[in-house]
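Trainee: Once you have looked at the hints, place chain B on chain A.
Note that the protein sequences, when read in sequence, are chains A and B.
FYI, in the working numbering the residues of the first sequence are 1 to 424.
FYI, in the working numbering the residues of the second sequence are 1 to 516.
Please keep in mind that the hints were generated in silico from the structure rather than gathered at the bench.
Being a predicted model, the structure only gives us computed values, none of them experimental.
Glycine residues also receive a C-beta, built at the ideal position from the N, C-alpha and C atoms.
Honestly, I wouldn't trust all of these hints.
Label pairs and their calculated CB-CB ranges [said to hold, decoys possible]:
| hint | chain 1 | residue 1 | chain 2 | residue 2 | range |
| --- | --- | --- | --- | --- | --- |
| 1 | A | 149 | B | 37 | 52 to 62 Å |
| 2 | B | 504 | A | 90 | 25 to 35 Å |
| 3 | B | 369 | A | 83 | 28 to 38 Å |
One side of the interface only, derived from the structure: several residues of chain B facing chain A at Cβ under 10 Å [said to hold, decoys possible]:
| hint | residue |
| --- | --- |
| 4 | 50 |
| 5 | 51 |
| 6 | 73 |
| 7 | 262 |
| 8 | 322 |
| 9 | 334 |
| 10 | 340 |
| 11 | 411 |
| 12 | 418 |
| 13 | 466 |
| 14 | 469 |
| 15 | 477 |
| 16 | 483 |
Below 20 Å or equal to it, Euclidean Cα-Cα: the simulated EDC-like pairs (lysine to aspartate or glutamate) are [claimed, not checked]:
| hint | chain 1 | residue 1 | chain 2 | residue 2 |
| --- | --- | --- | --- | --- |
| 17 | B | 478 | A | 60 |
| 18 | B | 505 | A | 67 |
| 19 | A | 212 | A | 184 |
| 20 | A | 26 | B | 173 |
| 21 | A | 256 | A | 368 |
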Amino acid sequence: MHIVDRRLNPRGKSLENRQRFLRRMKGAVQQAVKRSLQNRNIRDVLDGGEISLPIDGMAEPSFRRGEGGIADHILPGNRAFVEGDIIPRPPGGKGGKPKDAGEGDGEDGFRFVLTREEFLDVFLDDLELPDLAKRRLAETEEETPFRAGYSVSGSPSNIAVGRTTKLAMMRRVALGRPRREEIEALKRQIEECEDEVNRLALEAKLKSLTEKSRRIPYIDPLDVRYRRFENEPKPVAKAVMFCLMDVSGSMSEHMKDLAKRFYLLLYLFLSKRYKKVEIVFIRHTDRAEEVDEETFFYGPATGGTLVSSALAAMRAIIAARFDPAEWNIYGAQASDGDNAHSDGNLTGQLLREILPLCQYFAYIEVGEEGGDSSVSRSPLWMLYDGIRSEPLPLSMRKVCRRSEIFPVFHDLFQKRDAQSKVTP
Amino acid sequence: MTMTVRPRERLLFEGADWDFATLQRIHDACEEIALGGLGLDVYPNQIEVITSEQMLDAYSSTGMPLFYRHWSFGKHFAHHETFYRRGMRDLAYEIVINSSPCISYLMEENTATMQTLVIAHAAFGHNHFFKNNYLFKLWTDAEGILDYLDFAKGYITRCEERYGETAVERTLDAAHALMSHGVHRYAGKTTIDLRQEEKREQERRAHEEQMFNDLWRTVPVGKAKKAGDIGLEKRRAALGLPQDNILYFLEKSAPRLQPWQREILRIVRHVAQYFHPQRQTKVMNEGTATFVHYQIMNRLHERGQISDGNFLEFLKSHANVVFQPNYDDRRFSGFNPYALGFAMMQDIERIVTKPTEEDRAWFPDIAGRGDAMGVLRDIWANYRDESFISQFLSPNLIRRLRLFHLYDDPEQTEGVLVSAIHNERGYLRIRRQLSREYDIGWTDPAIDIVDVDLAGDRRLLLQHIVMNGCYLQEGDTKLVLQHLADLWGYDVLLQEIDGSSTVAKEHTASPRKIVQ
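Chain A on its own, in the form it takes in the complex:
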């Protein structure tokens, strides 16, 4: 008999088959992923998760008998029937079997668990971050060494002298190595000693002590310790995403929902490229405040509209916490396009200040369900449109229906040549 431990065999033998299955189902998976995005929080989306796939396209047919025809069944557990009894069929059921065989695992709603990576891969299939040059920089990581205790091996330059001598001392004490003073004192005693017998005894003692000190070295290779370092990866560039939203009375729930979807996509997208993505939520009416995600999307607020307040807040937060030299800054602003007339100049000025600090700034103008997404004459749109002609990383779209969010996002972030500027 032979026992083999296969537990350490390469795992995921079915991984390749799983990938093939996903590839085959690509279209359906993409649809399912998009559907599953609708009811999730931004951060939840990153966990991947379960999606349902339709079964057509992955059916494995074979020749089988269909329903109907004469059927015989042998069943166990008869209690009351006698030969010749007629059992009425259950209403509606075609088969005459008193109870259908309980096949628990019907495949009609085939569930499939995607890993986080698979989920994002499917989702961000052909999207690309703008400003490729800086992105490459962002993907590299710097490693900084940090102290991580001691080790028994290492390079001579890393010898930890203090620790080594401490260990040597401990060993010497433990093994009872004679101290130098002790031997000197003994030598002196021998010199001073006049009694022959006593001297012989002292010399014998000296001899054993010197031998002992030779056997127990002052520093043993066992004592040597080296300083140990470990490398900590440190992202050179981090990313921060600013979500700006107008929450004034004119923004309906539908519009907020559109905005949320857009933020969600952007967050997903960024976190695919950066290890760490901070999110800053700024909502504004006629004054701006930084809030958490819950408040941002669901907290009630009313008031007038001053877009400049949000931009000013963003500028202040950048100055305080996000040094543009270290952070890749992304902005996403959603608004219905309303702005106080008097606020126009200030807004434009602030935006011109902020844009050079950003990798990318997207403005999404959300409209009511039945609205026309092609045109917009809102004050904010006109203002931003003017700024767009300058070579600044600003892009803008108008969105009215949920179904448009993905195409618009797709459009904004589709793969481009490395050279082309982001001026959609």
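Mentor: Just chain B, lined up with the frame of chain A:
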């Protein structure tokens, strides 16, 4: 109840933990009983310890340790995984492979008692059955299967490199759809030798490469010869028609297939053939293994090698395995092959050792023979489910299981007729009917390739003999026919022939394009 005090050192293990030394001890103890006590004859054993994830893997590629790659295995993996993760279904305790050495997979999560049960069940019960049952001897090649699968995996990978994944996938999809009709049901003159199979393929290819001469491509093609005068019977005889092994026919005669496609059909056909005996012996195979593990575990306990506590743990699992819900139980989903098989084996043991007058009348050959193991070993070697049930399902067991027969005729609007129950008049009818339910020749639709018009439009003609007015399932049939047409390269017509040999229904398919 008297508790016998046993010397502790005789115990194979204590508690639930085990290590490799324990497994070895368990195996040796089981082996002693299996070979010495029960007189079993087994292939050498190989026991492999795997994780639950690996068990899922093995599940999804039909239990084989190595298999070619195909998307459907990924699908099955995902499917099983979802159920397992949600706790809706347990994993099997074991998978055992009909190969020499006989490989049994043990999950690392099993307790020591479960490992003992699994070793007794798989490494001795199934193993003995695989080695001795006539169907396995006739149709499978235990020595060659692992090498053959290795070859198959490599071959299909090479095909993918050379002809593209899509082309290979399409061929495999088509072959899988026809897999259930890719077995020889009746023994021919050849025995299965998978090693030869692999060697032959290599030789074929070497020969092709040797004979290849690019000049032949430039030889002008003459007018095709007319074959119109070949008689119908002659033509069918030449093609070996009628033929129920559709994959075999395509492999030999489909005009438009590439050599590598034929080889893939051949591989799928061999795999189907390898599993064919397992489909015909579910009740017997599981019954044998369950009977064997029950014997071994009891004897281990009698000898004091398993503690009372661990033996109780075993009895609980055993009771779960052989549980047969009644027809009106919510858990009922047909006969449990473990339950039916085990009950029959025990019943046979009873007939052989303590027969009643009824048993003597029904089973004159074995009743009171005294050597239960000898009789069982003989039965295990020479029957399949259908013949086993039709010979050995006893009135006693029919009464115990309270079996009854329902006759469901859609014409009969009042309801379903109880046509036999567990009484003197019913025994034979119930036994005959139940054995029929285990006859694949009866349960699988009978489809033959009957003709092909090679001189004309090359349309392939198939016939399905309709039994009891039960036609093929429409949707699936369409899909399978499409695959068949793709492989054949020309139109395909499937006729469903009713009892009065009239064509009741027709399905057709045209090839999408050459599978290439």
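Trainee: Next step is simple, just say for each hint if it's right about the structure.
Mentor: Structure-based check of all given hints:
Taken as a hint, the range 52 to 62 Å holds for the pair residue 149 of chain A and residue 37 of chain B, whose Cβ atoms sit roughly 60 Å apart. For the hinted restraint 25 to 35 Å between residue 504 of chain B and residue 90 of chain A, the CB-CB distance of approximately 28 Å keeps it satisfied. Distance hint check: the CB atoms of residue 369 of chain B and residue 83 of chain A are about 34 Å apart, consistent with the given range 28 to 38 Å. A cut of 10 Å between beta carbons decides the hint on residue 50 of chain B: the least distance to chain A is about 5 Å, and the hint holds.
Because the closest C-beta pair between residue 51 of chain B and chain A is about 5 Å apart, less than 10 Å, the hint holds. At its closest, the beta carbon of residue 73 of chain B sits 4 Å from a beta carbon of chain A; the interface hint therefore holds under the 10 Å criterion. Checking residue 262 of chain B against chain A: minimum C-beta separation of about 21 Å lies over 10 Å; hint violated. Residue-level restraint check for residue 322 of chain B is violated (minimum Cβ-Cβ distance to chain A is 13 Å; threshold 10 Å).
For residue 334 of chain B, the shortest C-beta to C-beta distance to chain A is roughly 5 Å, which falls under 10 Å, so the interface hint holds. Because the smallest distance between the Cβ of residue 340 of chain B and any Cβ of chain A comes to about 9 Å, under 10 Å, the interface hint for this residue holds. Given hint, residue 411 of chain B at the interface with chain A, holds; its Cβ is 8 Å from that chain's nearest Cβ, closer than 10 Å. Look at residue 418 of chain B: its Cβ gets to within about 4 Å of chain A, closer than 10 Å, so that hint holds up.
Here the hint on residue 466 of chain B is kept, as its CB sits about 8 Å from the closest CB of chain A, short of 10 Å. Interface restraint check for residue 469 of chain B: the shortest CB-CB distance to chain A comes to about 4 Å, inside 10 Å, so the restraint holds. This hint holds: residue 477 of chain B has a C-beta 6 Å from the nearest C-beta of chain A, less than the 10 Å allowed. The restraint placing residue 483 of chain B at the interface with chain A holds, with a minimum CB-CB distance near 8 Å, inside the 10 Å limit.
Simply put, residue 478 of chain B and residue 60 of chain A have alpha-carbon atoms about 12 Å apart, close enough for the 20 Å limit, and the pair holds. Straight-line distance between C-alpha atoms of residue 505 of chain B and residue 67 of chain A comes to about 15 Å, which keeps the hinted pair within the 20 Å bound. This hinted pair checks out: residue 212 of chain A and residue 184 of chain A have alpha carbons roughly 15 Å apart, not beyond 20 Å. At roughly 17 Å between alpha-carbon atoms, residue 26 of chain A and residue 173 of chain B fall within 20 Å of each other, so this suggested pair holds.
The straight-line distance between the Cα atoms of residue 256 of chain A and residue 368 of chain A is roughly 10 Å, inside the 20 Å bound, and the hint therefore holds.
Checked against the numbered hints above, the structure breaks hints 7, 8 and satisfies the rest.
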